[in-house]
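**Student:** First to last, the sequence lines map onto chains A and B.
According to the numbering used here, the stretch in the first sequence is residues 1 to 324, in order.
According to the numbering used here, the stretch in the second sequence is residues 325 to 579, in order.
A couple of the hints might just be wrong.
What follows is a list of derived Cβ distance ranges for each label pair [claimed, not checked]: (1) A/His114 <-> B/Ser326: 20 to 28 angstroms; (2) A/Tyr11 <-> B/Arg570: 14 to 22 angstroms; (3) B/Tyr566 <-> A/Arg106: 29 to 37 angstroms; (4) B/Gln370 <-> A/Ala127: 53 to 61 angstroms; (5) A/Ile190 <-> B/Lys498: 24 to 32 angstroms; (6) B/Arg576 <-> A/Glu269: 48 to 56 angstroms.
The hints are simulated quantities; they were obtained by calculation from the structure and are not laboratory data.
The beta-carbon is built from N, C-alpha and C at its ideal position, and this holds for glycine as well.
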Amino acid sequence: MIEVQHLTKRYGPITAVDDVSFKAERGEILGFLGPNGAGKTTTMRVLTGYMPATDGKAIVAGYDVLEQPVEAKRRTGYLPETPPLYPDMTVSDYLTFCARIKGIPRSERATRLHSVMERTQIADVAARHCGKLSKGYRQRVGLAQALLHNPEVLILDEPTAGLDPKQIIETRRLIKGLGGDHTIILSTHILPEVSQTCNRIVIINKGRVVAVDTPDNLTARLRGSETMYLQIDSMGGDAEAALSLVPGVTRVAVSDRRDGIAGYEVESEHGRDVRRQLAAAVVSHGWGLLELRPMRMSLEEIFLQVTTEDAAAPDAAAAEASRE
Amino acid sequence: MSNVLAIAHKELKGYFASPIAYVVIGLYAIMFGYFFYALLLYFDRQSMQVAGVGGGPAANVNEQLIRPVFLNTTVIFLFILPMVTMRTYAEEKRSGTIELLLTAPLTDFQIIAGKFLGAMGLYAAMLAVTLPHIGLLFWLGNPEWVPILVTYLGLLLMGGCFISVGLFISSLTKNQIVAVMATFTVFLMLWVINWIASFTGPRTQEILNYLSITDHLDDFTRGVVDTKHLVYYLSFISFGLYLTMRSVDTERWRG
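My request is simple: use the sequences and hints to build the entire structure.
**Tutor:** Here it is, written out as structure tokens:
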């Protein structure tokens with residue numbers, strides 16, 4: 001549905017996007033993750049036909065955005081970073097104008113308008129001027145504008161920016177509901193957002209793709225070794241030594257200790273589940289096992305790992321290449 | 325075409341939703357009213373003198389009142405039209421709404437043509453302010469209507485030239501003050517470009533006279549539609565719109 005091949009965009013001497021390639025299948029929600037200035041907005045602007053790429057190709061809904069821009073744009077809904085509203089227009093006038101330029105026939109305009117206003121919950125501000133709306137409403141009017149012509153592809157640049165927590169949850173639910181019928185690319189630098197809404201994540205840093213995978217795989221793949229957290233009441237015994245004797249355990253470290261109860265981080269060989277053995281070891285000493293849980297790397301850590309460690313980049317790229 | 329009209333409609337509504345339309349129409353009404361009154365007094369005295377002396381040709385309303393009024397009031401557009409065109413692109417770029425237009429299924433030409441028509445609509449509304457004055461002359465006297473109609477055609481074409489240049493300049497900047505000042509300067513230059521004509525060689529003189537935007541209006545005010553002037557105005561407008569298209573396209577590449 002969306003295909004980006006070797007996309008490069010330079011602004012004079014600055015390379016904003018450097019040889020980026022990825023794909024999104026029909027009905028997929030693709031999360032575009034990266035620190036500010038990573039090239040997310042630029043990539044999206046190329047996809048929407050707002051600006052041409054310096055090099056490479058972008059195909060949206062089967063149309064090359066440079067060769068057949070009008071056809072591609074007809075099938076794309078776009079919410080830019082700042083919702084493109086005219087402050088002097090009322091919400092319903094604004095959406096009517098959008099419907100006209102998006103080529104929605106007059107007979108369908110009223111029903112389309114009504115349905116997107118319901119979906120984005122902006123019906124109560126229909127008569128208000130766009131310039132007088134709160135940030136949350138502006139964002140949702142912008143989203144309504146993107147959904148108006150029921151496009152096959154939706155490109156949303158930070159759709160939840162500026163919303164309050166309740167609106168964020170509603171917007172995420174709305175976006176999740178749109179997946180399946182629509183192919184969606186959304187950008188964000190809020191990590192839980194992608195793990196909650198997206199089927200796949202593209203992590204981009206300094207204009208380059210550093211990782212592409214499902215949220216689960218990404219978590220699993222970047223976890224170098226398995227780490228468990230144990231809290232033990234060892235009644236004065238040397239639990240650290242006992243734990244390191246368990247077969248498969250590579251490292252034991254005390255992470256916290258108070259009143260004779262200590263927390264341990266136990267690393268084991270990759271792919272080896274040592275939870276049963278750890279529990280048995282604790283019990284055989286007659287100690288109290290208070291807690292035993294796997295420590296998974298959160299998306300935050302993954303994100304930091306892939307965007308700060310240069311060493312991770314070729315690794316991730318190689319993994320991506322082998323997956324394709 | 326419906327896309328062009330959608331943009332034109334939005335532009336025109338935008339002018340009337342902001343104070344701009346009321347300010348420019350109001351200013352024009354005041355200034356035109358004053359010019360008209362002043363020239364009417366002058367005309368009145370002239371015709372009295374003719375009547376007093378007797379035997380001379382009767383005063384001609386078209387030649388001695390309507391024509392000077394329109395030729396003299398064109399100067400008002402120099403000041404006012406930059407205010408009309410300054411926001412067309414600059415404002416969209418500043419507020420980010422340009423992203424809506426450039427990612428909608430529209431061609432650049434449709435956007436530009438729509439903006440041009442929208443500004444022309446406001447300009448036509450300004451010209452409409454002059455209708456009561458002219459109507460008054462029909463009520464009191466007996467002017468010829470063909471030259472008046474042709475004058476309006478000429479004024480629309482001349483305004484089109486100014487607007488196409490203004491659009492182009494607005495597409496170059498995000499800043500409305502820069503747009504308005506640059507547009508005003510260019511208009512003024514196009515106005516006075518032939519002032520030095522008589523000091524130059526015959527060839528240069530011809531070129532400078534040809535370039536002056538307002539000189540071409542002269543024949544229209546006499547009721548003459550000369551293809552020479554039509555070609556000048558229409559090609560000027562097309563050139564202005566073409567430059568705007570190039571500018572919008574360049575802006576895309578530069579990002």
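**Student:** For each hint, tell me whether it holds in the structure or not.
**Tutor:** Quick rundown of the hints versus the structure:
1. A/His114 <-> B/Ser326: 20 to 28 angstroms: 22 angstroms, holds
2. A/Tyr11 <-> B/Arg570: 14 to 22 angstroms: 19 angstroms, holds
3. B/Tyr566 <-> A/Arg106: 29 to 37 angstroms: 32 angstroms, holds
4. B/Gln370 <-> A/Ala127: 53 to 61 angstroms: 57 angstroms, holds
5. A/Ile190 <-> B/Lys498: 24 to 32 angstroms: Given a distance of about 30 angstroms, which is inside 24 to 32 angstroms, the answer is holds.
6. B/Arg576 <-> A/Glu269: 48 to 56 angstroms: The hinted range 48 to 56 angstroms holds for B/Arg576 and A/Glu269, with Cβ atoms some 54 angstroms apart.
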